[in-house]
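2 protein chains.
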Amino acid sequence: MTVPAAGLPARVRVHEVGARDGLQNEKAVVPTEVKAEFVHRLAAAGLTTVEATSFVHPKWVPQLADAEQLFPLLGDLEGVRLPVLVPNERGLDRAMALGADRVAVFASATESFAKANLNRTVDEALAMFAPVVSRAKGRDMHVRGYLSMCFGDPWEGPVEVGRVLRVCRALLDLGCDELSLGDTIGVATPGHVTALLTALTTAGVAVDRIGVHFHDTYGQALANTLAALQHGVTTVDASAGGLGGCPYAKSATGNLATEDLVWMLHGLGIETGVDLGRLSATSAWMADRLGRPSPSRTVRALTHQEQ
Amino acid sequence: MTVPAAGLPARVRVHEVGARDGLQNEKAVVPTEVKAEFVHRLAAAGLTTVEATSFVHPKWVPQLADAEQLFPLLGDLEGVRLPVLVPNERGLDRAMALGADRVAVFASATESFAKANLNRTVDEALAMFAPVVSRAKGRDMHVRGYLSMCFGDPWEGPVEVGRVLRVCRALLDLGCDELSLGDTIGVATPGHVTALLTALTTAGVAVDRIGVHFHDTYGQALANTLAALQHGVTTVDASAGGLGGCPYAKSATGNLATEDLVWMLHGLGIETGVDLGRLSATSAWMADRLGRPSPSRTVRALTHQEQ
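So the protein lines, in turn, are chains A and B.
Residue 177 in the working numbering sits at position 177 of the first sequence; the count goes up by one each step and never skips.
Residues are numbered in the working numbering as their position in the second sequence, beginning at 1, plus a constant of 1000.
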């Protein structure tokens, strides 16, 4: 049943991260042709932004080592945005060589995670991204800036809004078109979300440049999303079937499942363009490829998937 | 990290249903002494309302056939509310004989579910409850009125707010002190929750007589809870560890896990009196008794429970 709520956006763009953030965090390495079929199926289900892969060194993310082979297989997808992650200038070169027109860089709000993930300080990482963003913008590419650990950090605990604001500003100053605020360890609750968004928009950041990226590690992702929608956010990251968020593995990151998100959005009368049945069937199909049930409750309910 | 949000209540009473609604919907029949230990542990974790069991005919709910044996084992729990479900006058007699001072009746907003669950029309069921509520109130007992299928029904689809409002009024007119609005099949989204609560409070029902009972079948329970809190609701039903909501069984009802709820409430600075670590340990212990992992994401994250 569709029952709108006051003050919410009429339309939300789902930024689908399953093929990149999802598969990157799954144990199994998925064959290139399965990845290509996955992206095609996601597009056929109505997703208009499908993050396709990452041009990071294969040593760090062997799951996505086939970026050069995969990306050309997606060339027939017209009208679908296919951003790719680029960690540095070498990654940007590889993405450019294949004709990618949307890239994303991956920063951290905390020193501990910047050190753990990039072996740099926060500012050293920003300095590394500067030429990446500048060269990408010089080619009129769209640049997204991911920001990890915006709410809590496994080593440092709670993260102050002011620290996040500083790195957001730096990413925008570099030239990023859009931010994606990540609750990488899933600890945020709705008041914290509202506080961060209020700080950003009060500082003059347009809400249509802010995306949110919540994790369901503690089951909070959808409540946090509701708080973000109430603040006017219209870009929400999610992972088809909750990929990368398998609750059965120690590496569980708990990505918000796109299906759970879309169920809420459609129930609220918010347009997404997504065909939920088709999307769930795609996630059930991918779960079969991975040999385990989808962690998405909506996928399980709609496809009667059982263990 | 605690970051309050504007306009939310300072304190919420968690109505813990794991021992009744939870165990009733689990395949395994739990030994009476384990149930008693479970209720004691829940109380020790700070839960002040623990629905203990059901005085329904054992033929219908064999999992709770030991109500007569269990209830006396809880007599030492001072200051803890121990409501019990009574389906009819016979059930009320049994509960009264054991000294219960809080009972609950179980109505349906839809004809299909009234027929399926009680083999009566909605109005016939209300007529059956009339002497139950009247006799209970005559003894100064507290009476809760559960109302199933307040948002959607598996046979009838979406449920109109007006129909729910009518049965709510009838339950209050019978003498119920409190309502529990159930999204039994978990289909509701936040706008629908707000619409129903608005209709009830506009009709003069005090918000402190309204409890909400959401299911996580489609992952919506916590977002719906946030909408209810924003409307001023201060009584929220939940099931420790998501008991009864095992996502691995066809009978999955997907009860909201108390731990996921408490994580959000505490993050919002809302007092519950619950010790989340102690509660999660209790749910992990019960999951061991049941031989399967807890479906609560918070329990899994806090206790590193894996499959």
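Simulated from the structure, these hints should not be mistaken for laboratory data.
It should be emphasised that the depicted structure is a prediction, and the values quoted were computed from it without experimental measurement.
A virtual CB, placed ideally from N, CA and C, is assigned to each residue, including glycine.
One thing to keep in mind: the hints can contain errors.
Claimed, not checked - Partner residues aside, some chain A positions facing chain B, computed with beta carbon under 8 angstroms: (1) G7; (2) P9; (3) D216; (4) G254; (5) A257; (6) T272; (7) L276.
Results for each hint:
1. G7: Where the cut-off is 8 angstroms and the nearest Cβ of chain B is about 11 angstroms from G7(A), the hint is violated.
2. P9: 13 angstroms, violated
3. D216: The hint holds - D216(A) has a Cβ within 8 angstroms of chain B, the shortest such distance being about 6 angstroms.
4. G254: 7 angstroms, holds
5. A257: 7 angstroms, holds
6. T272: Where the cut-off is 8 angstroms and the nearest Cβ of chain B is about 13 angstroms from T272(A), the hint is violated.
7. L276: Violated: closest Cβ of chain B sits about 10 angstroms from L276(A), beyond 8 angstroms.
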